[in-house]
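Protein chains in written order, with our numbering: chain F, 1 to 407; chain P, 1001 to 1377.
Hints are computed from structural coordinates only; laboratory data are not their basis. Because the structure is a prediction, the values reported are computed rather than measured. Yeah, the Cβ is synthetic: ideal placement off N, Cα and C, and Gly gets one too. Don't take every hint at face value.
[Stated by the list, open to error] Think about it this way: if two alpha-carbon atoms lie no more than 25 Å apart in a straight line, the pair counts; the simulated DMTMM-like pairs of lysine to aspartate or glutamate are:
1) Lys284(F) with Asp1177(P)
2) Lys284(F) with Asp1031(P)
3) Lys225(F) with Asp245(F)
4) Lys282(F) with Glu1165(P)
5) Lys387(F) with Glu292(F)
6) Lys367(F) with Asp1182(P)
7) Lys371(F) with Asp1177(P)
8) Lys282(F) with Asp1167(P)
9) Lys284(F) with Glu1004(P)
10) Lys225(F) with Asp1031(P)
11) Lys80(F) with Asp28(F)
12) Lys1259(P) with Glu246(F)
13) Lys1259(P) with Glu361(F)
14) Lys169(F) with Glu1165(P)
15) Lys2(F) with Glu1242(P)
16) Lys387(F) with Glu246(F)
17) Lys225(F) with Asp1177(P)
18) Lys113(F) with Asp84(F)
19) Lys1164(P) with Asp299(F)
20) Lys1211(P) with Glu1004(P)
21) Lys1259(P) with Asp299(F)
22) Lys367(F) with Asp1031(P)
23) Lys284(F) with Asp154(F)
24) Lys1164(P) with Asp84(F)
25) Lys1259(P) with Asp317(F)
26) Lys367(F) with Glu1242(P)
27) Lys345(F) with Glu292(F)
28) Lys1164(P) with Glu246(F)
[Claimed, not checked] Covered by chain P, per the in silico footprint, the following chain F stretches (three or more residues, Cβ under 8 Å):
29) 124–132
30) 336–348
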Amino acid sequence: MKNRTFYISLILTVSLILSSCSSSRQIDSLGIVITMAVDMEDDEIIVTSQISSSKENASTSNQKSAGSSSDIKYVQGRGKTVYDALKNASLNYDRELFLSHNSIIIFGEELAKTGIGDIINYFSYDIGTRETAYLLVAKESKAYEILGLSYLTDDYLLTLIENAHLTAKTRNMTLVEYLRYYFYSHGLVPGVVQLTDKMEIDYEKKEKSPTRKVLDITGGAAFYKDRLQGYYSGEEMIGFNFLIDEIKRNPIVFETPDELTQGSKLFSTRGRYTTINILKSKTKLNMEVRDEKPHLIVDVNMRGTIVEETKGLNLSDESVRLGIEDACSKQIEKYIDMAMYKAQKEFKIDTFGIGIVLHREYPEVWKEVSKNWNEVFSDIDYSVNVKTSIIRTGVIDLPINIIKGRE
Amino acid sequence: MNEEKVTKRQAIILIILSRLSISISTMPTIDIPPYNQDMWIVVILSAFYSTILVLPLLFLANRFVDYNLIGYMEVIYGKTLGKTLGIAYVLFFSFSSVIAAFNHVDLIGSTILTNSMNGLLIAGLGVTAIYTVSRGLIVRLRAVEIFGPVAISTIIILVILGIKESDFSSLFPILSDSTLSDIHSGALQLSFYSVDILLLAMIVPDLEDKKDINNIFFISIITSKLILVLAVIVTQAMLGLEQSRHTNFPFNLYVRMIKFPNILERIDVVFILTWLITSQARVNGFLYLAVRGLREILNKGLKEKRIVIIMGILFSVITFILTNRYPFNLIRSQLVKIHKPMFLIFIIIIPIITCIVYLFRRRSIDQGQRLLKNKGE
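Isolated chain F, as found in the complex (with noise of 0.2 Å):
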């Protein structure tokens, strides 16, 4: 009887104290922080939240007055330290803000070109916050303004950076990849955001004029440490991600040879363009000390389809299908000049990771050129060799604009 009753006190007492309740948070009370943009302004910082309007964190609020915390979208606070700013938001908004959800860190273009390296600890320090975070310097902005578009929902621009891979103009990096490359010698490209504007017609002036803006996501941000030296076209930043092997399943546009529709007879209008989907991409990395100085070989090895052509070409013509994976190679080939002559003549910074495969490479003469590998770099000589390999042409064999065998 007396073990009876211990054991029951005991499930009683264990059942009340592991419920969870004693410092658990209603959702209701939490602000869930889904983007932040972090600025500086007068010397402080300025932390912009943009929380989630899901239903779960929105709608449990009884009251859905205008003004009501569920109708708040972004909260600002301003502080000492990023730690300081977000507490100081709680002065102007009633819910404790809760970052585990938060997926993109944006930085202001000012902040970033004076330093990101200290506001970044924070982000390293607290368990709240996640790693996987992308990071996107607000190009030509603040941070802030890149927040404050009425249409932004929740999971936007988060899902405008997942679709990176889809043009290969663009780059994604989260937190953990940036300080994974941060303490080497060479530079880092996270993402960029910029607002740009979008046509749109007024219906009663009947006149198409810039009226809405829209983010952008096009480009890189090149990172030396931790400042900002400057951006990537979107071009370029194709030629950055086959030299970095990051292609996935974007497309390529080039212009057709002249030469190659030469046999096909004109149906209908002729334009200038074939577009190859890649199917799959390798890109090799090697270095060779030629005449005492590092040399740079890039091999990429590329599978691809056709998805559009618009000159008319007879694709069912080995010479021809040959004549375009020599023309599509040449364009990546363009891309990666583009990117290294951004890199070596404007930038000064090895933002490829270069040096690593000099340093496995040769690691003898690594330890010689590390110390000043930058300035190495902007001098090394390169080659590229690319292989294109078209090997579906989609369910037609020949373009509509041109007549099949007749003559």
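Mind docking chain P on chain F? Use the hints.
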């Protein structure tokens, strides 16, 4: 119940789990010379050093199969000195269990239960430890035998799951940035963390087959080092060499980076649960050794419960004071300084001196042993 013996498998799993609790939490391996991509070589080499350094203890364990460490100290040195050394070992076991508990509380408090009070976490740990220790060795080892393989296979699965996101190029070039002396120094330093041989030295009399002592040691050291090599490689490849040195729990951060389908939203919880099994094995293991040692010194039987409760409360109070006073980083940096002398004293110097004394007094000791055996028969 006490007549039941410890099987080879139970002993191996106990030692592996105890080692893994440190290897996959604070991962000291990453922060020792040569501090670069050659750490996995250091781990492999440390298996050799760990073996060499514990040879005196292994020799004594094989020689005195009917005694544990504290038992044969008394046989070799006599009662007074033997008991004094026994108390020193009890203090070392207690110290090891407090440090393991400190690590336990720090990891849980800074990862999954960030808002929980340290006192609550320690109370949970303390009560569990007191209960399991009071149930005796066999019950504890049965639990280890059930949960151990789960923990080990989970770690291996986590290693496999993260391979896709890891960048192994940072692990090259091999052996070009380190000097041989750096590698050997790292391996030696790493072997100073392998104090788990004491778990074996204390349970020798309970082993089912006393001839398994060496096998248990070698299998456990090879397995734990292999798992550690895998963990170090993927952690460095995922986080980069420097970032993994900056973080308190590198393997935990590695696991957080694994991209897993949404059916399992937080994969790091899987790691924490796995690690809890290993950590509990270490905390309980050393607390058990302290209790058992004290029982022997005070000539109390294996069922004596007061010592368990007193030691358990003391252990909880000390851990509570430490966790509420110092951050783990500070304790860890101090630990690095005292690890080496402690290892030297308890794993090398005392056992070597004991071996020497035994060799000098061999005849009289063996004679005494024979007499005791005859008496027993």
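Verification of the hints:
1. Lys284(F) with Asp1177(P): holds, 23 Å
2. Lys284(F) with Asp1031(P): Judged against 25 Å, a Cα distance of about 32 Å means the pair is violated.
3. Lys225(F) with Asp245(F): holds, 22 Å
4. Lys282(F) with Glu1165(P): Measuring from Cα to Cα gives roughly 17 Å; hence the hint holds.
5. Lys387(F) with Glu292(F): violated, 28 Å
6. Lys367(F) with Asp1182(P): holds, 17 Å
7. Lys371(F) with Asp1177(P): holds, 15 Å
8. Lys282(F) with Asp1167(P): Between lysine 282(F) and aspartate 1167(P) the Cα gap is close to 15 Å, so the pair holds against 25 Å.
9. Lys284(F) with Glu1004(P): This hinted pair is violated, its Cα atoms lying about 61 Å apart.
10. Lys225(F) with Asp1031(P): Holds, at roughly 22 Å.
11. Lys80(F) with Asp28(F): violated, 28 Å
12. Lys1259(P) with Glu246(F): holds, 17 Å
13. Lys1259(P) with Glu361(F): violated, 31 Å
14. Lys169(F) with Glu1165(P): holds, 21 Å
15. Lys2(F) with Glu1242(P): Violated. Lysine 2(F) to glutamate 1242(P) sits at ~59 Å, over the 25 Å cutoff.
16. Lys387(F) with Glu246(F): holds, 17 Å
17. Lys225(F) with Asp1177(P): holds, 22 Å
18. Lys113(F) with Asp84(F): holds, 22 Å
19. Lys1164(P) with Asp299(F): Cα-Cα ~22 Å, so holds.
20. Lys1211(P) with Glu1004(P): holds, 17 Å
21. Lys1259(P) with Asp299(F): Between lysine 1259(P) and aspartate 299(F) the Cα gap is close to 29 Å, so the pair fails against 25 Å, i.e. violated.
22. Lys367(F) with Asp1031(P): Given that 25 Å is the threshold and the Cα spacing comes to 22 Å, the pair holds.
23. Lys284(F) with Asp154(F): violated, 38 Å
24. Lys1164(P) with Asp84(F): Distance ~37 Å between lysine 1164(P) and aspartate 84(F) Cα, so the pair is violated.
25. Lys1259(P) with Asp317(F): The hint is violated at about 44 Å.
26. Lys367(F) with Glu1242(P): Holds, at about 18 Å.
27. Lys345(F) with Glu292(F): holds, 21 Å
28. Lys1164(P) with Glu246(F): holds, 13 Å
29. 124–132: holds (count 5)
30. 336–348: Answer violated; 0 residues pass the 8 Å Cβ test.
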